[in-house]
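Visitor: With these hints in hand, go ahead and build the complete structure from the sequences.
These protein sequence lines map, in sequence, to chains A and B.
Residue 1 is where the first sequence starts when you use UniProt numbering, and the numbers rise one by one after that.
Residue 1 is where the second sequence starts when you use UniProt numbering, and the numbers rise one by one after that.
Since the hints were made in silico from the structure, they are not lab data.
Check the hints yourself; a few may be wrong.
Identical copies carry no separate label here, and so any pair may be met within one copy or between two of them.
Unchecked claim - BS3-like cross-link-like pairs, simulated, lysine-lysine; straight-line CA separation at most 30 angstroms:
hint : residue 1 : residue 2
1    : Lys391    : Lys100
2    : Lys253    : Lys23
3    : Lys382    : Lys332
4    : Lys296    : Lys23
5    : Lys234    : Lys100
6    : Lys234    : Lys246
7    : Lys241    : Lys352
8    : Lys319    : Lys241
9    : Lys23     : Lys319
10   : Lys95     : Lys382
11   : Lys23     : Lys234
12   : Lys296    : Lys352
13   : Lys241    : Lys23
14   : Lys100    : Lys241
15   : Lys58     : Lys332
2 protein chains.
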Amino acid sequence: MSELYRASTTAPVNIAVIKYWGKRDPKLNLPTNSSLSVTLSQSDLRTHTTASCSPNNKSGDSLILNGESQDVSGARTQACFRELRALRKELEDSKSDLPKLSTFPLKIVSENNFPTAAGLASSAAGFAALVRAIANLYELPSSPTDLSKIARQGSGSACRSLFGGYVGWEQGSKDDGSDSVAFQVAPASHWPNMRAVILVVSAAKKDVSSTSGMQTTVATSSLFASRASETVPKRMQEMQKAIQDKDFEAFGKISMMDSNSFHATCLDTYPPIFYLNDVSRAAIKIVESINASAGKIIAAYTFDAGPNAVVYYLEENEKDVAGVFKAVLGEKEGWAGERGQAVEANSAALDKAIADAGIAVGALEEGISRIILTGVGEGPVKTEESLIDEKGEPTS
Amino acid sequence: MSELYRASTTAPVNIAVIKYWGKRDPKLNLPTNSSLSVTLSQSDLRTHTTASCSPNNKSGDSLILNGESQDVSGARTQACFRELRALRKELEDSKSDLPKLSTFPLKIVSENNFPTAAGLASSAAGFAALVRAIANLYELPSSPTDLSKIARQGSGSACRSLFGGYVGWEQGSKDDGSDSVAFQVAPASHWPNMRAVILVVSAAKKDVSSTSGMQTTVATSSLFASRASETVPKRMQEMQKAIQDKDFEAFGKISMMDSNSFHATCLDTYPPIFYLNDVSRAAIKIVESINASAGKIIAAYTFDAGPNAVVYYLEENEKDVAGVFKAVLGEKEGWAGERGQAVEANSAALDKAIADAGIAVGALEEGISRIILTGVGEGPVKTEESLIDEKGEPTS
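Guide: What follows is the structure, encoded as C-alpha cells:
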C-alpha cells in the first residue's frame, strides 16, 4: 500500500497517591483538585499503540484494542482526534510540502500487556498511548505538557501517564483548561528504588458492586468540598517535598491518608459508593502490621476506584513488605517472573501478622487472585515495533 | 434489714439518626456536634435497674450488671454518683428531717433484657437507668433535662435515653457543660408508627475489627471539622422539621446520609477505623433495593460504631420492609414473638432484591445471626419490680 504512515509508542499505567476525584468541568475533564501519581514500569504494565493513516483508507477512523473493534464516536476519543488533527493542520499550513495527514482517517491498534480482568484502570495508559502515538505519527513538536491537555480530555488521569517517575496534575483555574496540565515532580531516576505490589482481588470477591460517579460525590457529599479546597492542596505540597527528600515515611503516610480521604468522600456520597471491601480492609490490616513490626512506615497502601490494593515500598524493604505478601499469597499467580522469584517469603513477619490480624491473613488468602510486582518507571517510549503491517492491517 | 431504701426504673436504648462522634471535652463528654435519636421500645430493649442504700451497708458503693459485679471506681460512674449525691445533699440541707441518704453507700443491681452478644450499645440504657434509679431513690425534683447532664457524664448518648420518642442532644457551648443537654423533639405519640428492624451481624463476620477512638478522628481526620461545624447543624434543623412534619422520606434520607457521613469520618481517621463490613454493605444494598421498588424512601439504614444495621420504617410499610428481611432471614432468631410472627414474608419483593442485588442477599443470609423487631417507645419508667429484696440482696 502506498502512502501509509505509521508510528508506535508504549505508555505506562500510573497509580495516584493523591487522588483525582471530582470534575469542575466534565466535558474538558477539569478536576476539582490537583493530584499526584507514580508512573509504573512498562515491563509489567503498559499499553502498546500504533497509529496509522493513509489517504487510501476509505472506512473512517477506527480503533482496535486487544483485537476488538472499539467505538471511536464517543466525545472523549473525538476530542483527542480533533485536537491532534488541529495541531497537525497548523504544521501543514506552515509547511506546504508536508503530507496532509490531518485529512486522512486514523487507524489505531492497541494492546495491553496485562489482563483486563485485573481491573486495573487501563484508560490512563490507553489514552496516553493513543495521544502519544498520533503525536508521533503527525510529527508534532508538542511537549508532553502540551499533549497532557489533550490526553486529559480522553481520560483525566491519562495526562499523568505522559511522564515517567513522579508526576503531578495541576488542577488549573482557567475555564478552557489550558492551565490544567501534568508536570514531572521528579524523574524515576531521582528515587528509582520505589516498588509496588498490586494485590488483585478475585472476581468472586468483588461483590455488591456500586455504580461509580464522581459527579454524584461532588453533588451530594457534604465533606467533599473541604477535601478539594483544603486537604488536597496541603497534601500536594507535602507530597512533593516528600518525593524531593526521598522521605518514604512522609510519602507513605500521605498516600494512605489520601486514599482513605478519597474513599471517605465516596462513602459520604448519596447513595454511598463503596470500593473497599473486606478483602481491601484485610490488605490494610496487613500493611498496618508490617509497619508496626518495622516500627516505622515502610509500606503504604492506596486504592483506586476498586478493591485492589497497591502497596508501595522501597526496594531495600522488599523482604519485609513483598516478602510478607509472598508468605501469605505465594500460591497465587504473579510470582513466576524473575522479580517475583527473587522475593524471599518472609515467614517470621507472616507469623507476626497472623498473631496481630489472623483473620485478615485468611481473608487475603481467600480474596486475592493474583499479584503484580512492579516499580516506578519511565514515560511513553517510541518503538519501531508496529501493530500495523505494511499493508495497513493489524499484525495479529 | 431496717432502713433500706430502694427505687427501681427501666430505661430504653436509643439509636441515633444524627450521630454523636467527637468530644470537645472528654472528661465531661461534651460533644463536638449535636445529635438526635429515636428512643426504642422497652418491650424489646431495656435496662432494668434498682438503686438502694442503707446506713447498714458497710461495703461501699457497688454495681451488679446481669449478675456480675462491676467496677464502680471509674471516673464516669463516680461522676454520676457524685453529682446525684450533691443534689441529694442540697435537699437534705434544706429539709433537715430527710434521711441522709447522700451519706450511705449505694448498692445497684441492673439487668438488660437483651443479649450482650447482640453488640448493641447498652451503655446508653445502662447509665440512663442508673441515673434515673438513683434520682428516684433520692426523690430528686430534677427534670429529665437536668438529669441528662449527669447521665451524659456516664456515657454521652445516655443523656438521650432519659426521654422517649424523638430526642435531641444540644451540644452546648459552655465550658462546664451546663447547656449540653438532651431535649425532646417530639413524644413517641406524635409519630407512633415508627418501626425498626435491627440486623445483628454474627460474631464470625465481625472480622478485622478496629480499635475505635473518636478522639483519634477529631485529631487526624481532615474532613471531620466540616462535618461538625457545617453538616450536622444543618441536618439537625432538617431532621427536627422532618419529625414535626412526620415526613419519612426526609427522615430516612437524612438518617442514611448522616450514618454515611459519620462512617466516612471514621474511614478518614488515621489509622482508619472501619465499622461497616461486607455484611453491612449488603444490608445497605437491600434497603436501596426496597426503596427502588417502592419508588420512594420507605426504609432507612443507620449504623452505630459496629456492623449491625438498624433499619427504620413506618408500620404501614411493614410488608415491604420487614417482610423483605423476613423473606431473606426468616430462619434466624428473632421472629418468634407476636410482632415477628405477624410480619408476612414478602417473597415478591425478595425476588426483586435478588434480581437487583443477589450477592447482597446471600451475604446477608450468611452474615446475620439474629434480628430484633422494635419501634419508637417511651422514656424511663418507674417500676415497683425490684431487683433487690427486702434484705438488701439481689433477687437473683
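Visitor: Confirm or reject each hint.
Guide: Each hint tested on the structure:
1. Lys391 <-> Lys100: Within. Shortest intra-copy distance 20 angstroms satisfies the 30 angstroms Cα cut-off; inter-copy 106 angstroms does not.
2. Lys253 <-> Lys23: Both: 25 angstroms inside a chain and 25 angstroms across chains, each within 30 angstroms.
3. Lys382 <-> Lys332: neither (33 angstroms within a copy, 62 angstroms between copies)
4. Lys296 <-> Lys23: between (35 angstroms within a copy, 29 angstroms between copies)
5. Lys234 <-> Lys100: neither (47 angstroms within a copy, 61 angstroms between copies)
6. Lys234 <-> Lys246: within (18 angstroms within a copy, 43 angstroms between copies)
7. Lys241 <-> Lys352: Close neither inside one copy (33 angstroms) nor across copies (53 angstroms); limit 30 angstroms.
8. Lys319 <-> Lys241: Intra 27 angstroms, inter 58 angstroms, cutoff 30 angstroms: intra-copy only.
9. Lys23 <-> Lys319: So lysine 23 and lysine 319 fail the 30 angstroms test inside a copy (40 angstroms) and across (41 angstroms) alike.
10. Lys95 <-> Lys382: Classified as within: same-chain Cα gap 24 angstroms, cross-chain 96 angstroms, threshold 30 angstroms.
11. Lys23 <-> Lys234: both (19 angstroms within a copy, 25 angstroms between copies)
12. Lys296 <-> Lys352: Within. Shortest intra-copy distance 15 angstroms satisfies the 30 angstroms Cα cut-off; inter-copy 50 angstroms does not.
13. Lys241 <-> Lys23: within (26 angstroms within a copy, 33 angstroms between copies)
14. Lys100 <-> Lys241: Classified as neither: same-chain Cα gap 46 angstroms, cross-chain 67 angstroms, threshold 30 angstroms.
15. Lys58 <-> Lys332: Classified as neither: same-chain Cα gap 47 angstroms, cross-chain 66 angstroms, threshold 30 angstroms.
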